[in-house]
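Put together the whole structure using the sequences plus the hints.
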Amino acid sequence: MDLATRVGAVRLANPVLAASGTFGFGPEYDGLVDVAQLGGVAVKGIAPVPWRGNVPPRVWETPSGLLNSIGLQNPGVERFLAEDLPYLRDRGATVVVNIIGRTRAEYAAVARRLDGELGVHALELNISCPNVKEGGIQFGHDPAEAAAVTRAVKGATTLPVWVKLSPNTHDLPGMAQAVAAAGADALSAINTLVGMAIDVEHRRPALGGVTGGLSGPAIRPIAVRAVWEVSQAVDIPVVGMGGIETATDVLEFLLAGASAVMVGTATFSQPGAMIRIIQEMPTVLARYGFDSVRAAIGAAHPGRLTT
Amino acid sequence: MPRYELEVVERQEPKPDHVELLLDAPSLAAALTPGQFAHVWTPGRLRRPISFSRATPDGRVGLLFRVVGSGTRWLADRRVGDRLDVLAPLGHGFPTPETGPVLLVGGGVGIPPLFVAAQRWAATHPLSVILGARTADAVVMVADFQALGLEPSISTDDGSLGELGRVTSPLTRWLARNDGGQVLACGPTPMLAAVAELVGDGRPCWLAYEQRMGCGVGACLACVVPGVGTDGQPEWLRVCHDGPVFSSRRLWWARRPEEA
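Those protein sequences? They're chains A and B, same order as listed.
Numbering of the first sequence is given in our numbering, commencing with residue 28 and proceeding in unit increments.
Numbering of the second sequence is given in our numbering, commencing with residue 141 and proceeding in unit increments.
These aren't lab readings, by the way, just hints derived from the structure by calculation.
Backbone N, C-alpha and C fix where the C-beta goes; we use that ideal spot for every residue, glycine too.
Hints may contain errors.
Unchecked claim - Distance ranges between label pairs, derived from CB positions:
1. R118(A) to R213(B): 38 to 48 Å
2. A262(B) to D61(A): 40 to 50 Å
3. D61(A) to R213(B): 31 to 41 Å
4. S167(B) to R116(A): 24 to 34 Å
5. S167(B) to D226(A): 34 to 44 Å
6. R274(B) to Q259(A): 50 to 60 Å
Have a look at this one:
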């Protein structure tokens, strides 16, 4: 079975990547996950300088989901390159660096610094984190602003740029078209949805940041809808994510139009989830009549019905 | 860290709403450092971090927990013969104490990891034990300490067992009686802050922390507590990976977390 796929110029041995923020920089799962077996690893969001992140508590379990309010805590690009990237590079992982900034210039600065760094294969432009006041999602609500930051990053790097979209917007296809026109090489969808929980026992918000981003199977139908819509709105590839836990879930996203997927929340409960999913992919693809990952991409779209 | 599927070989209810599961795990029982924890699979999105409560010579480890929500409810319903999916041993435990007197201070569900410390060091160090909780119903493992020849000083908030009041009273007396020595503590955060303040900078003080946890291995940055960086500036420390046991000097006591 051929599991290979590509996201624009980036070739992947299989379609399963670790989602940013859920896998650290790789060594945290040493002994449990061989990063070379993954389609790739999207590392924690990286800014030009270290960010402190939000006040704890930072996670809260919800029905079929998880709320988080980490707030993009990160070591900054210099420490990332010196201390974190070598682990992944030495093991031959395909590395997607999620990049963040408080201004257009900061996004561009990280992108410029990472340009030409051995072991970095693509950038994921994070304009969709719901947990910070500055940077992140302020760029993800307004198509003109999203296009401007995409242009700024594209002008600062030769690396492929994937733009990670927020579902917290009323016109996802319009947003996708705006960043595609600005030069995005691919889209990733979706980031978390804004949610909130109250700690009833202590009579206060469950998260230190009050609101948080909802992930997990609870948001999977929203993510599938998003992939379905944006993959029809643009010609660039889409990387799908949201509550994926099984190889059948991966196939659902492929059929909706994704060229690859990311797995995040499932890793917390089962660190081996991504490896298990990759191992199950051939059986699941064969069961539904596919001889490759590529054959399944977008196969549920109108005009593609073959059975 | 390895992942294990461990069989429940014994189940106890030492106190109301408290359950201890004994698991057959010879390699873990031999490798465990007091204060380390297991990240235990439960239905849902997150595992539950639970400190080890004992390691026996016949290759068993214990997990003692209070039933507080859906995850611990599910765990409490496990029976002998069931298997648990466990990531362990996780985190940094208590370092082997220097020679001299050692005081163990445990509050509520913070008591179990200190029993592992007692098991490990009772033969090599002069140990004293202070246990506290809100009520007698939450003071666990007293008989276990006694079986090691240790007589815990007990205090409860309502006076239902031992002395009326907090662990700070017996702690103050111990500090007055002992010039040197070191303190190992585990319990609610306000208790740890009070212990650190009373012990001061003059003697080693090691504190095992609790924080709501995500991955358990240092990747997700959920379970942070305010610490002091090597440059003296505030920095977040991960309970799961940098802790759960910290030197009191590494923790940022003077300020509230939002200022750190």
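- Can the suggested window of 34 to 44 Å be confirmed for the beta-carbon pair S167(B) and D226(A)? About 38 Å separates the Cβ atoms of S167(B) and D226(A), which means 34 to 44 Å holds.
**Asked** Is the hinted range of 38 to 48 Å satisfied by the C-beta distance from R118(A) to R213(B)?
**Response** Since the Cβ atoms of R118(A) and R213(B) sit about 40 Å apart, the hinted range of 38 to 48 Å holds.
Is 31 to 41 Å right for how far apart the beta carbons of D61(A) and R213(B) are?
holds (35 Å)
Note to self: Taking the Cβ atom of A262(B) and the Cβ atom of D61(A), is their distance within the range 40 to 50 Å?
What the structure shows: The hint (40 to 50 Å, Cβ to Cβ) holds, given that A262(B) and D61(A) are roughly 41 Å apart.
Distance restraint hint 50 to 60 Å, applied to the beta-carbon atoms of R274(B) and Q259(A):
holds (59 Å)
(message) 24 to 34 Å was suggested as the range; check whether the CB atoms of S167(B) and R116(A) agree with it.
(response) holds (33 Å)
In the structure shown, no violation is registered for any of the earlier numbered hints.
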